[in-house]
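First to last, the sequence lines map onto chains A and B. At position 52 of the first sequence the residue is numbered 52 (full-length UniProt numbering), and the sequence of numbers has no breaks. At position 231 of the second sequence the residue is numbered 231 (full-length UniProt numbering), and the sequence of numbers has no breaks.
Check the hints yourself; a few may be wrong.
[Stated by the list, open to error] Calculated lysine to aspartate or glutamate pairs in the EDC-like style (CA-CA distance at most 20 Å, straight line): (1) Lys387/B - Glu303/B; (2) Lys7/A - Asp90/A; (3) Lys277/B - Glu225/A; (4) Lys7/A - Glu149/B; (5) Lys245/A - Glu183/A; (6) Lys4/A - Glu198/B; (7) Lys7/A - Glu206/B; (8) Lys261/B - Glu183/A; (9) Lys350/A - Glu97/B; (10) Lys31/A - Glu97/B; (11) Lys411/B - Glu205/A; (12) Lys350/A - Asp377/A.
Since the hints were made in silico from the structure, they are not lab data.
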Amino acid sequence: MDEKLSKKLRILADAAKYDASCSSSGAPKRKSDPDGLGSTVGTGICHAYTPDGRCVSLLKILLTNYCLFNCAYCVNRRSSNVKRAKFSVDEVVTLTVEFYKRNYIEGLFLSSGIIRSPDYTMEQMILVAKKLRRDHGFRGYIHLKTIPEASPWLIEEAGLWADRLSINLELPTEQSLEQLAPEKDGASIETAMAQMFERIEEAREERRHFSPAGQTTQMIVGADETTDTDVLRKSATLYGHYAMKRVYYSAFSPIPDSSAILPLKSPPLMRENRLYQADWLLRYYGFDVDEIASSSEKGMLDLDIDPKLAWALKNRHRFPVDVNRADREMLLRVPGLGARAVDKIVVARKHTTLRLEDVARLTSGLKRAKPFLITADHHPKARLDKLDLRERLIEKPEQLSLFV
Amino acid sequence: MTLHRITLETGADLHTFRKAVRWLIAEELAPQHVMFAIDDAPGLFGDETVSEAPPVAIPKGVSRLIEQVVCHSDPERYALLYGLVWRVLNGERDLLEVASDPLVHRIDLMARSVRRDLHKMHAFVRFRRMPGELERFAAWFEPEHFILEAAAPFFVDRFRSMDWTILTPIGSARWDRHELTFGPPASREDAPDEDSFEEGWRGYYESVFNPARVNPTAMRAEMPKKYWRNMPETAAIPGLIQTAAQRVERMIEQEATMPAKRTPERAIQAMWDQEPKTLEELNAIIAKAGPLVPGATQAVFGEGPHHAEIVFVGEQPGDQEDLQGRPFVGPAGKLLTKAMREAGIEREQAYLTNAVKHFKFEQRGHRRIHSKPTAGEVKHYRPWLMKELELMRPKLVVALGATAVLALSGKATPITRSRGRATFGPYQGYITVHPSYLLRLPDEATKREAYQAFLSDLHRIHDLAQANLETGELPLAAE
Ligand code: SF4
Chain A
1 MDEKLSKKLR ILADAAKYDA SCSSSGAPKR KSDPDGLGST VGTGICHAYT PDGRCVSLLK
61 ILLTNYCLFN CAYCVNRRSS NVKRAKFSVD EVVTLTVEFY KRNYIEGLFL SSGIIRSPDY
121 TMEQMILVAK KLRRDHGFRG YIHLKTIPEA SPWLIEEAGL WADRLSINLE LPTEQSLEQL
181 APEKDGASIE TAMAQMFERI EEAREERRHF SPAGQTTQMI VGADETTDTD VLRKSATLYG
241 HYAMKRVYYS AFSPIPDSSA ILPLKSPPLM RENRLYQADW LLRYYGFDVD EIASSSEKGM
301 LDLDIDPKLA WALKNRHRFP VDVNRADREM LLRVPGLGAR AVDKIVVARK HTTLRLEDVA
361 RLTSGLKRAK PFLITADHHP KARLDKLDLR ERLIEKPEQL SLFV
Chain B
1 MTLHRITLET GADLHTFRKA VRWLIAEELA PQHVMFAIDD APGLFGDETV SEAPPVAIPK
61 GVSRLIEQVV CHSDPERYAL LYGLVWRVLN GERDLLEVAS DPLVHRIDLM ARSVRRDLHK
121 MHAFVRFRRM PGELERFAAW FEPEHFILEA AAPFFVDRFR SMDWTILTPI GSARWDRHEL
181 TFGPPASRED APDEDSFEEG WRGYYESVFN PARVNPTAMR AEMPKKYWRN MPETAAIPGL
241 IQTAAQRVER MIEQEATMPA KRTPERAIQA MWDQEPKTLE ELNAIIAKAG PLVPGATQAV
301 FGEGPHHAEI VFVGEQPGDQ EDLQGRPFVG PAGKLLTKAM REAGIEREQA YLTNAVKHFK
361 FEQRGHRRIH SKPTAGEVKH YRPWLMKELE LMRPKLVVAL GATAVLALSG KATPITRSRG
421 RATFGPYQGY ITVHPSYLLR LPDEATKREA YQAFLSDLHR IHDLAQANLE TGELPLAAE
């Protein structure tokens with residue numbers, strides 16, 4: 001690999017790293033043709049992990065980090081003095097194919113700064129995907145970032161080649177967008193999301209290929225004043241209206257050559273983590289935003305304990321719950337019991353009466369669950385009402401960051 | 001009672017285990033009377049001779065679990081599995097459902113460990129190109145369990161057109177683009193010790209790391225150290241962790257700088273001016289995109305004066321249209337042209353186009369049979385149609401048939417209920433049948449009747465367009 005290409009790769013990977021999504025999940029299972037390259041597996045594969053604990057699955061790069069937009073939170077905004085580079089379409093194709101052949105990656109996640117025009121930029125990105133699929137018989141995963149300001153027919157075309165499309169909302173309110181991303185506009189972002197949603201649904205019904213792994217989005221946390229409740233409300237809307245496969249939360253993180261209007265701090269990683277947990281409660285545990293909001297403080301999630309535990313502590317009258325009798329919905333609300341553990345409990349108790357040690361084999365969160373659970377040999381009694389229960393259940397945060 | 005000793009080969013010896021289970025069950029030997037040994041030189045201790053016995057019916061879930069757990073490196077695996085089989089066959093058929101049972105739990109953990117190892121092998125194998133002219137790849141990998149054979153099909157599915165070998169201490173797998181074969185254990189030296197893309201890959205790995213999020217514990221949980229030595233990128237890890245704090249401090253302390261370059265006002269202005277300005281520009285975009293469903297000869301664009309008052313929108317080009325590259329030139333088009341003339345609309349004065357710009361068909365012998373575009377396909381072409389109208393701003397848009405209605409309104413509506421005047425977004429519209437519908441009717445009488453109805457629609461269309469022109473309003477007669 002020649003030196004110049006290596007250099008560009010460093011610049012354009014560095015510029016892409018603030019996008020949290022790297023997942024290669026959700027594509028239909030494919031195998032390679034006798035002359036082709038690549039396959040997909042349902043859940044995706046992480047080919048490495050970087051020392052921030054993040055998964056390296058797709059080759060996540062920008063086509064270019066030149067950009068005509070000026071989003072304050074972004075390292076690539078036109079007013080920043082970072083080093084710039086631009087790949088040719090063929091360079092991205094070569095990198096993807098050669099990395100793929102060595103089993104470094106699941107495929108490509110291509111994004112780009114806006115050069116010339118949104119349409120031009122989008123066309124170049126589509127060209128990369130098209131070349132991979134057509135000229136190399138590439139059956140690996142392709143995730144394309146959609147540029148909402150591009151013409152709608154380009155979205156139509158992008159979905160034909162990509163496994164997943166995404167537009168990052170980045171800021172949950174119109175106000176913040178206006179202030180921090182002057183060229184962007186929430187309405188056109190949501191129009192594009194709606195278009196993708198419709199097309200994805202139709203194609204699934206008609207068994208055609210259009211972004212079969214759906215669409216995702218990302219919101220930055222900590223760059224503006226939006227509360228967790230408002231972030232989650234936005235997420236609930238996005239899941240509801242556009243069937244987002246996932247909403248990613250990205251703790252606003254220091255960037256080189258930052259903007260004067262956005263002072264840097266260390267990224268709110270714990271907040272990001274709690275938002276993900278709350279997001280799961282919304283999607284898989286039957287909670288709604290109001291319930292989570294009611295156990296938050298001024299719209300912010302408790303950073304010391306997980307949001308399910310926070311809810312349970314505020315709703316102690318609904319506990320303890322009998323593991324051998326309660327329905328699935330209520331078991332899902334027990335702190336420390338994950339959905340998988342609950343499913344196992346529901347099946348196992350048809351054959352046996354569960355004791356505490358049995359539950360211990362099904363979950364790693366027994367300590368949190370215990371005060372809220374009844375088993376054949378255990379009842380929390382008054383322990384549930386102790387005032388210091390919260391304090392006793394706070395888990396020492398694992399080393400989440402060097403500077404907390 | 002004596003202890004029966006069963007000897008299995010090293011590795012995932014599913015074959016012997018299966019045979020042994022059949023025999024043990026047939027002999028009704030409970031687990032406490034059986035001992036499983038793993039030995040490369042069997043026969044030393046006077047093993048049990050396992051003779052053929054009939055197959056044992058066990059639940060699918062159990063046999064799937066066995067297939068996974070025999071790959072585990074724990075020598076106890078066979079005894080545990082036999083214990084499970086015994087209990088399942090002796091009154092606890094649904095034992096696997098009791099995930100809290102100590103034995104089930106333990107076997108489940110083993111299965112999970114095997115699956116994880118498989119997954120990690122799929123993830124962490126790193127191919128290196130072998131020296132020489134032909135493109136051949138090889139990798140050295142050290143799995144925790146006996147998973148080579150279970151892991152290999154994944155690589156076949158993925159790298160079918162590549163010639164590759166995976167070398168491990170427990171055996172090797174080779175794919176020569178046609179056949180998968182397994183060979184003897186290998187050593188690290190048998191694999192190439194470098195690859196020209198590794199430097200670039202390491203650079204990539206370093207660059208995607210965000211020092212402000214450093215969290216080596218999380219990394220190690222997913223990528224345990226034991227895998228590191230065969231992954232070229234991990235050489236960068238110590239340095240990345242060491243410098244992380246310092247890098248972040250520097251970023252935070254650094255004052256915001258002034259942009260070194262002037263704001264490119266002109267380029268910013270120009271970027272918003274990206275829309276096609278003429279039908280020619282739009283058509284060039286459509287042509288470049290190619291057909292949605294492969295097969296069509298070419299895109300068929302609208303035809304007629306660009307400032308025509310009436311735009312007729314059909315479904316999609318047919319066989320003739322596809323070959324000639326012009327809309328409405330086949331049988332249905334001829335019929336439409338005739339009816340238009342009779343209603344006083346000159347074809348040359350109107351603009352004719354289709355909702356879908358490419359011919360979609362089924363090949364039957366030499367004939368290409370028109371096949372109806374799906375709703376999703378129609379919508380795929382819709383943004384172009386909308387732009388086409390926007391560039392023309394016609395007085396009246398006529399939808400010929402249900403597909404055109406769907407394309408113009410975005411909603412599926414049956415013609416019978418919506419026939420007549422309509423609005424399509426900002427445009428005055430009119431809905432009637434597609435002329436091909438008239439051609440398909442079975443008998444002459446209904447055909448004639450339908451043609452008359454179509455004709456009277458065209459008369460009203462003519463009137464509407466006229467009235468529109470003169471007064472800007474629609475005459476009552478046309479309502
Ligand atoms: S459009 Fe905004 S977020 Fe995207 S690269 Fe440009 S400046 Fe960054």
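Verification of the hints:
Only pairs whose Cα atoms come within 20 Å are accepted, and Lys387/B paired with Glu303/B is accepted, the gap being roughly 15 Å. For the suggested pair Lys7/A and Asp90/A, the alpha carbons sit about 16 Å apart, so the restraint of at most 20 Å is met. With a C-alpha separation of about 42 Å, the suggested pairing of Lys277/B with Glu225/A is violated against the 20 Å cut-off. A hinted pair counts as satisfied when its Cα atoms are at most 20 Å apart, and Lys7/A with Glu149/B does not qualify at roughly 39 Å.
Under the criterion of a C-alpha separation no larger than 20 Å, the hint pairing Lys245/A with Glu183/A is inconsistent with the structure, at around 26 Å. Using a Cα cut-off of 20 Å, the hinted pair Lys4/A and Glu198/B holds, with the two alpha carbons roughly 15 Å apart. For the proposed pair Lys7/A and Glu206/B, the alpha carbon gap of about 12 Å is at most 20 Å, so the pair holds. For the given pair, Lys261/B sits about 19 Å from Glu183/A by alpha-carbon distance, which is consistent with the 20 Å threshold.
Straight-line distance between C-alpha atoms of Lys350/A and Glu97/B comes to about 9 Å, which keeps the hinted pair within the 20 Å bound. A C-alpha spacing of about 33 Å is found between Lys31/A and Glu97/B, which places the hinted pair above 20 Å, so the restraint is violated. Pair hint Lys411/B plus Glu205/A holds up; C-alpha atoms about 16 Å apart against a cutoff of 20 Å. Taking the CA atoms of Lys350/A and Asp377/A, the gap is about 18 Å. The hint holds against a cut of 20 Å.
Hint violations for this structure: numbers 3, 4, 5, 10, all remaining hints satisfied.
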